[in-house]
Amino acid sequence: MTTDKIIRVSIWIYLGIFFAYLLGPLIIMSATAFNSPSFPRMTPWECLTFNWFGELFRDERILNGIWNSILVGFGTVILSVSMGLAGALMLTQIWPKLRATYYTIIIAPILIPGVVLGISTLVFWDRINRMLGLGADSVLSNGLFLTIIGQSTFIASYCMLVLVARLQRYDIALTEAALDLGATHAQAFRKVLMPFMMPAILSAAVLAFLASFENYNTTTFTFGEYPTLTIELAQKVRYGITPAISALAFMIVALTVFFALINEANIKRKKMIAEARKDATVGELAGKIEVPGLISRNPAAIALIVLVIGVATVTASAMTYSPDQCIADVQEQKRLETEKRIQELRDRRAKEAAEKAAAEGAEGGATQTAPKPSNNSGFGGVFAPNTLQNEGTDDGASDEGADDGAAGSSNNSGFGNVFDPNALGNDNN
Amino acid sequence: MSAGVGVDLENLWIRFGDFVAVRDANVHIKGGDFFSFLGPSGCGKTTILRAVSGFLEPSEGNVLIGGNNMKGIGPNKRPTALIFQNLALFPLMKIWENITFSMEIKGASARERRKRADELLDMIALPGQGDKLPSELSGGQRQRVAIARALCAEPDVLLLDEPLSALDLKLRQHMRTELREIQQRVGITFIYITHDQGEALTMSDDIAVMRAGVIDQIADGKTIYNDPSTAFAASFVGENNVFRGKVLDVRGDQALIRTNRSGDLLSRISTANQGKMNVGDDAMMFIRPEALSLAPTGSQGDHFVTAKVNHEEFEGNVFNIFMEGDGGKELKVSIPNHGQSFEDHSGQDMTLEYDVNNAVAVPAGELAAE
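Quick mapping for you: the protein sequence lines, in order, are chains D and F. So that you can map any letter, position 321 of the first sequence is 321 in our numbering, and since no number is skipped, the others follow by simple counting. So that you can map any letter, position 205 of the second sequence is 205 in our numbering, and since no number is skipped, the others follow by simple counting.
Be aware that one or more of the hints could be misleading.
What the hints assert, rightly or not - Restricting the straight-line Cα-Cα distance to at most 27 Å, the calculated cross-link-like pairs of lysine-lysine (BS3-like) are:
no.: 1; chain 1: F; residue 1: Lys170; chain 2: D; residue 2: Lys191
no.: 2; chain 1: D; residue 1: Lys271; chain 2: F; residue 2: Lys115
no.: 3; chain 1: F; residue 1: Lys106; chain 2: D; residue 2: Lys191
no.: 4; chain 1: F; residue 1: Lys77; chain 2: D; residue 2: Lys191
no.: 5; chain 1: D; residue 1: Lys191; chain 2: F; residue 2: Lys30
no.: 6; chain 1: F; residue 1: Lys94; chain 2: D; residue 2: Lys268
no.: 7; chain 1: D; residue 1: Lys191; chain 2: F; residue 2: Lys132
no.: 8; chain 1: D; residue 1: Lys270; chain 2: F; residue 2: Lys94
None of these hints come from the bench; they were simulated from the model.
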């Protein structure tokens, strides 16, 4: 009984740690996209802001990177899926004794480091380019072309693995049946094999696109004049990062979750339809598969709807909500804090100076001239007690007093106005 | 429809490497016939079918359809349609699309196809089921859809590769009748592959019995059952009791055979072997269980068999008596049930009688595996 409980609790603890490890960084990064400080951080939470999204969409390089990534992604999808399909078909047709060898060869690119693939792609096509006597501006040395070719070398192998799995479940008798009924080989391929392969082709395409989108180490050698998003991000991070990157990450996470949920809901819906059809006649079905059928017993669909509503709410509030007031408040607060610290510093200094003066006075006796507070000190009057004295009436004052003093402070600060709250205020405005 | 197109196999050899799948087959199939290839699995009958449909090129010899040599002509150009063992219905197409696939690839409009599909669905008694998917039909319905799909291509020859083997017994028996009816209605040549002698006998005009790539006998069902030409054909088609021995004497179309256990028995020599069996040859004699009847105990003669009863069973329409037989195989006797009383004879010797015309002698040969 108790051991049972312990086991159950530890399973939950393990799951908690596991998911925290998996999702924690994503959640924190997503949260920083909505915080106002210009360095991505979650604590201290200052102001809810959507400005970083705006910032992101104003960043030419990021936008250009996304566009290049999409171009490369589509090119890679087309090339990889067709090569993968050809490879998979070949695997089923090839002489059985060669099959294992062929499989190893075609899987090898997955095992080769992406860096090596990138360099070799670059070198190989450069040679070809020179052999053909083409210039540096030819198609063969174009970054887009090279990146697509380079990524496809290994992404095609992933695609092939996905396609082979489906192809193994294909009954070759179906192709034979099509041929027997008069179809040409091309027709049998297009009308029978392709529709059967479609689900696998779609998953291979999604996989290829994602693999292409996130690829960095191959692309870094081949991108040329077409830096993809990963390249742009890497270059940007070198000069420091802003929450605009977090905003991008958040959007990618949100989109991924969105599509995953759509997929999940769809699968569930199909399963439910199949179940319903099994124990219902066609007549009954007409009334049965209605909208409620989509939601009932379909957690993914419910989550999807919640997500959509959430996104809509956030977008709508982003349209109307302005963080300016909050940001101004926070800045004001920061300013005050800074001032308070300055004040404390001054107080301490003044105290020190006073103590020093008192000590000197005690040592030198009454005849000794106390150092006259003047502005011609080597420190530019910074440590001149008089100056401090003049500055306000709140030498030993409380916090409230400091505030008042700061508000009414003049330009004769010993710090050369660097910490002048008014000056700060002017900057902010 | 016309009288149908005949199919001829001329000296057909099919080899896979060193393995000979079909050895020198010569078959003439008349147009409009229901022709069956009957044999155990692995005997090469499916290979012959694939050679006729064009998925296999013969190593030697020719396939002629309607008198035309089919050498070098692909399956999509032959006037044949094949019904696959697993039916091979296109799983992602609706029933009507499946049925009219042959029209689709010729570019027929959807409306034409729908119309033709409805006609064929009526013919196979599945009206209004055109919009379902194959997975939503039962085994027997899928079977009929496969036939409709093949017929839609308007073939001259329909090839069927054990299409009933996946169905349960009741449905199989029902489909036999139905297939035969369809064949007679459309009037085209059917070539049917089966290992089930019941299917072959009930449906076929002619049957070719195959064994290990060789065609043993081609004849109509009655002839094959009553007058088998080889030991294999005699033992494979229907139940049969075998008596091994040597030819002691040949008397016209009859032979006296000295059997190993049951004394000298007289038998008719099968038609194909008359004049070919000589005194001293190893021979086998076959008598069907239902051709044996009880005789007064101790009767002697060349058409009486005496043996010890092992056990008996009651099968409803018949009583089966199993007796000690030849070569480890039990001798089975089926006595029709006329409501007569029947006592247990286990352990006793019994004498059986048969009509010499119902016994068939063939040269000794390989028997069909049980």
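> Checking against the hints above, which ones are violated?
Replying inline: 1, 2 and 5
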